[in-house]
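In order, the protein sequence lines correspond to chains R and V.
Its first residue numbered 6, the first sequence is counted upward by one per residue in the working numbering.
Its first residue numbered 10, the second sequence is counted upward by one per residue in the working numbering.
What the hints contain is simulated information worked out from the structure, not anything from laboratory work.
Here the structure is a predicted model, which means the values were calculated and not measured.
Built from N, CA and C at the ideal position, the CB exists for glycine as well.
You may find that some hints are simply not true.
[Said to hold, decoys possible] Some chain V residues judged to face chain R by a derived CB distance under 10 Å, without partners named: (1) ILE36; (2) TYR52; (3) LEU55; (4) SER60; (5) ALA85.
[What the hints assert, rightly or not] Within a straight-line C-alpha distance of at most 16 Å, the following computed EDC-like cross-link-like pairs (lysine to aspartate or glutamate) qualify: (6) R:LYS141 with R:GLU44; (7) R:LYS159 with R:GLU116; (8) V:LYS62 with R:ASP60; (9) R:LYS159 with R:GLU122; (10) R:LYS159 with R:GLU90; (11) V:LYS62 with R:GLU90.
[Claimed, not checked] The following label-pair restraints were derived from C-beta to C-beta distances: (12) R:ALA75 with V:ASN107: 53 to 61 Å; (13) R:LEU124 with V:PHE31: 54 to 62 Å; (14) R:TRP35 with V:SER84: 50 to 58 Å; (15) R:GLU135 with V:ASN107: 54 to 62 Å; (16) V:PHE31 with R:GLY57: 38 to 46 Å; (17) R:PHE17 with V:LEU42: 28 to 36 Å; (18) V:LEU35 with R:ARG87: 50 to 58 Å; (19) R:SER140 with V:LEU37: 34 to 42 Å; (20) R:THR53 with V:LEU42: 20 to 28 Å; (21) R:TRP86 with V:GLN155: 25 to 33 Å; (22) V:ALA81 with R:ALA46: 39 to 47 Å; (23) R:LEU34 with V:GLN92: 32 to 40 Å.
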Amino acid sequence: MARKGQGVPLDFVAGLFIFLVMLAYFLVLWDSYSGRYLEHASSIDMETTAIGIADQLVSTGGSPSNWTAAPLSAQSIGLAWRQNELDPYRLSALASLPYANAKQILGAGREIAIKIETLDGGRLATVGNEPASSSKAVEVTRVAMMNGSAVFVKVQTYE
Amino acid sequence: MSEKRKAMQGFVFSIDATLSAFLLVLILATTVLLSAQATGDPYGDLQIARSGKDVLLALDRQGMLGVGNATAIGSALNATLPQGLSAHLSVSTYYYANGTFNLLGMAEYGDATPEGKSIWGASRNFVGLRNGQVANYSTARMWIWQE
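Please take these sequences and the hints and turn them into a complete structure.
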């Protein structure tokens, strides 16, 4: 009977030891990965924002269709008069908007910079300020046409 | 303790051990899976695929696809591709006669497709006109990948 009684606490101690080892393992993992998860989620959020804005600019003409007449009253901004064909008038209207208004109408919850460049890097238009080299930024590049030439539409989001 | 009781005790212990080992493997696998997901870029693939469609559309609108000049197309392709991407382009041209499409020629441009890399594809159909009439039908296929 005495030997049987000793067997139960040994099982318990072994089980408790394994449980504590696993708990410690998870605490270490949690500490290690939670920061990385948050950083990754933030990057994904920035990327989806940039992808959405770039797609909206090269695929839609904005709403209402004549939003260039009163850019501050635009419900949404788009630069295309047809798929991947940018309208210079729409581009001028976007560039003329104050940054805060452009950001709000584009629905960006973060800082943004939009650059329209020729293939050899010549700048055609800029909206917003480029991120500082130290800030975390995501850039999405789309290729579109404007006045018969290919251009890069670069959208950056940053913190 | 009888031999029968000893055997039964051993059996109970092995079920416990198997269940514990199963749970341990499950937890470790979940941990590895979650940590792998934390480092992936789910939208990177989408962007490469979209770049392929964009570049093909731009080349078509510039009238480059039907030119057939390897130097001009190669140069336009390199200039139009966003930084960090490479592509291979294949243009197949057909003529239509007696109710069927017949292959007239196939031209290849750009870099050779690499081995062991993820490659995305895009395609675009266009027609060649001569004196306002459709002279031939072409399909441009692009394979695009991250350098």
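Which hint numbers does the structure go against, in order from smallest to largest? none
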